[in-house]
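Colleague: Residue numbers (our numbering), protein chains in the order written: chain A, 1 to 115; chain B, 1 to 112.
Keep in mind the hints are simulated off the structure, nothing from the lab. Predicted model only: the values in this text are computed from it and were never measured. Just so it is clear, CB atoms sit at the ideal spot from N, CA and C, and this is done for glycine as well. Incorrect hints may have been included.
As the list claims (entries may be wrong) - If you anchor each label on the Cβ, the simulated ranges turn out as follows:
{"#": "1", "chain 1": "A", "residue 1": "A72", "chain 2": "B", "residue 2": "E66", "range": "43 to 49 Å"}
{"#": "2", "chain 1": "B", "residue 1": "K104", "chain 2": "A", "residue 2": "L101", "range": "23 to 29 Å"}
{"#": "3", "chain 1": "A", "residue 1": "S15", "chain 2": "B", "residue 2": "T26", "range": "41 to 47 Å"}
{"#": "4", "chain 1": "A", "residue 1": "R111", "chain 2": "B", "residue 2": "G15", "range": "32 to 38 Å"}
Stated by the list, open to error - A short list of chain B residues far from chain A (calculated; beta carbon distances all over 10 Å):
{"#": "5", "residue": "K69"}
{"#": "6", "residue": "T79"}
{"#": "7", "residue": "G103"}
What the hints assert, rightly or not - With the C-beta cut set under 10 Å, the calculated list includes, among others, these residues of chain B facing chain A:
{"#": "8", "residue": "Y36"}
{"#": "9", "residue": "Q42"}
{"#": "10", "residue": "Q45"}
{"#": "11", "residue": "H49"}
{"#": "12", "residue": "K52"}
{"#": "13", "residue": "Y87"}
{"#": "14", "residue": "R93"}
{"#": "15", "residue": "D98"}
{"#": "16", "residue": "K99"}
{"#": "17", "residue": "I100"}
What follows is the residue order along each chain.
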Amino acid sequence: GAVVSQHPSWVICKSGTSVKIECRSLDFQATTMFWYRQFPKQSLMLMATSNEGSKATYEQGVEKDKFLINHASLTLSTLTVTSAHPEDSSFYICSAGVGRLDTQYFGPGTRLTVL
Amino acid sequence: DAKTTQPPSMDCAEGRAANLPCNHSTISGNEYVYWYRQIHSQGPQYIIHGLKNNETNEMASLIITEDRKSSTLILPHATLRDTAVYYCIVRARGNRDDKIIFGKGTRLHILP
Numbered sequence: 001g002a003v004v005s006q007h008p009s010w011v012i013c014k015s016g017t018s019v020k021i022e023c024r025s026l027d028f029q030a031t032t033m034f035w036y037r038q039f040p041k042q043s044l045m046l047m048a049t050s051n052e053g054s055k056a057t058y059e060q061g062v063e064k065d066k067f068l069i070n071h072a073s074l075t076l077s078t079l080t081v082t083s084a085h086p087e088d089s090s091f092y093i094c095s096a097g098v099g100r101l102d103t104q105y106f107g108p109g110t111r112l113t114v115l
Numbered sequence: 001d002a003k004t005t006q007p008p009s010m011d012c013a014e015g016r017a018a019n020l021p022c023n024h025s026t027i028s029g030n031e032y033v034y035w036y037r038q039i040h041s042q043g044p045q046y047i048i049h050g051l052k053n054n055e056t057n058e059m060a061s062l063i064i065t066e067d068r069k070s071s072t073l074i075l076p077h078a079t080l081r082d083t084a085v086y087y088c089i090v091r092a093r094g095n096r097d098d099k100i101i102f103g104k105g106t107r108l109h110i111l112p
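Go ahead and model the full structure; you've got the sequences and the hints to work with.
Modeller: Written out as structure tokens, the structure is:
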């Protein structure tokens, strides 16, 4: 199947700093990528849809000024958590679609810990 | 809200077939059934998808009822590495704006 990578795989930062997470489609181009957040023992929650060359679409309750999404190319989307706080600590996962059915493939996830 | 209903957990003996059910009674004609699994602390892994015919690949088989209101994922010979949370998802085909909404999934325990 298609490969989606994320970088970094884990990050620890101080409260108030910003953290950037990259999501790359390695062997295909993706005009749309999705960003999810997962808290311990919970399911994935969709945060936003990242659209290449245009603004992201955020789900209700997700602060667009706090979670900045940039989809600058067909193989790269970035999620920046601005002014991170301990409650932003979570597992962040991206996905990208490929093929006629836009079957989604997921990255390995990034674990963010805010101290 | 998720469009699917799954049992919260299931056990299966190693080497036996694991049959995971999913109800999707409100599925639309253009929606596919997808199955993913998530092993602890990893991103979800694609398993299989189907529209109305039964499907099989190297990982699993997918059986969809004739009315398409439910389906079953079959892992033919479960191993300990199949312990994971399994998600059943319905999604329209080819529509890049169609979101994937995850339900709570089924936590499958493979017993040695």
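Colleague: Would you mind marking each hint as holding or not holding in the structure?
Modeller: Outcome of the hint check:
no.: 1; hint: A:A72 x B:E66: 43 to 49 Å; verdict: holds, 46 Å
no.: 2; hint: B:K104 x A:L101: 23 to 29 Å; verdict: holds, 24 Å
no.: 3; hint: A:S15 x B:T26: 41 to 47 Å; verdict: holds, 43 Å
no.: 4; hint: A:R111 x B:G15: 32 to 38 Å; verdict: holds, 33 Å
no.: 5; hint: K69; verdict: holds, 21 Å
no.: 6; hint: T79; verdict: holds, 20 Å
no.: 7; hint: G103; verdict: violated, 6 Å
no.: 8; hint: Y36; verdict: holds, 7 Å
no.: 9; hint: Q42; verdict: holds, 6 Å
no.: 10; hint: Q45; verdict: holds, 7 Å
no.: 11; hint: H49; verdict: holds, 7 Å
no.: 12; hint: K52; verdict: violated, 14 Å
no.: 13; hint: Y87; verdict: holds, 8 Å
no.: 14; hint: R93; verdict: holds, 5 Å
no.: 15; hint: D98; verdict: holds, 8 Å
no.: 16; hint: K99; verdict: holds, 6 Å
no.: 17; hint: I100; verdict: holds, 6 Å
The structure is inconsistent with the numbered hints 7, 12, although it conforms to all the rest.
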